[in-house]
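Okay, here's what each chain looks like letter by letter:
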Amino acid sequence: GEDVEQSLFLSVREGDSSVINCTYTDSSSTYLYWYKQEPGAGLQLLTYIFSNMDMKQDQRLTVLLNKKDKHLSLRIADTQTGDSAIYFCAVMNRDDKIIFGKGTRLHILP
Amino acid sequence: NAGVTQTPKFRVLKTGQSMTLLCAQDMNHEYMYWYRQDPGMGLRLIHYSVGEGTTAKGEVPDGYNVSRLKKQNFLLGLESAAPSQTSVYFCASSFSAGEQFFGPGTRLTVL
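Heads up: the sequence lines are chains A and B, in that order. First residue of the first sequence? That's 42 in the working numbering, and the numbers climb one at a time after it. First residue of the second sequence? That's -4 in the working numbering, and the numbers climb one at a time after it.
Keep in mind that a hint or two might mislead.
[Unchecked claim] Below, a list of computed lysine to any residue pairs in the SDA-like style, where the Cα atoms sit at most 20 Å apart:
| id | chain 1 | residue 1 | chain 2 | residue 2 |
| --- | --- | --- | --- | --- |
| 1 | A | Lys138 | B | Glu25 |
| 2 | A | Lys138 | B | Arg39 |
| 3 | A | Lys138 | B | Gly11 |
Worth flagging that the hints you see were computed from the coordinates, not collected in a lab. All figures in this text were calculated on a predicted structure; none of them were measured in a lab.
Could you build the full structure based on these sequences and the hints that come with them?
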């Protein structure tokens, strides 16, 4: 079946860039999303990209999409302590259902 | 706007007890969802609804029932709770099949 894979943990020093990677299996995915979950809270949409785009930039966030390799990444520039959270990759499949990855826990080192 | 709210925030049940989790949204969204989140498992879709009066099964529906009698409310029921249902439950809503707005979650422990 459809699958969305991401690494479970990432540690980054404060001020460095964080890159969170995601791979997916459904080549017909139309929308691809990044959600952020802070401790004790629900998920919040950070950004999304449509499948006909290669890149989207929004302030410190850059999303890159490689459709050929079915690879999505989220880059956070100048990582701050407030960026510490779980980041979920999600893709909309051909049935208009959103499939979530298991989430990447981003830990910020001082 | 309150967005998506969930009641209760925390609950402890004994095995075999029943309970209902309430989700409410004030954004006039058509679609509503119930997920459970477990360590290392990510989010798993339990049931969802694409409009008032409709419900459909998700990835892990067994042991749960849902109802969508009013557009703004989506109820998740556990008829006979089991320890395997200990989890954090999230409700979400969306205008169409796109961006989902999540509630703050309900932490349920079944002893």
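Hints, verified against the model:
1. A/Lys138 x B/Glu25: holds (14 Å)
2. A/Lys138 x B/Arg39: Answer holds: A/Lys138 to B/Arg39 is near 12 Å, not above 20 Å.
3. A/Lys138 x B/Gly11: Outside the cut-off at roughly 32 Å; violated.
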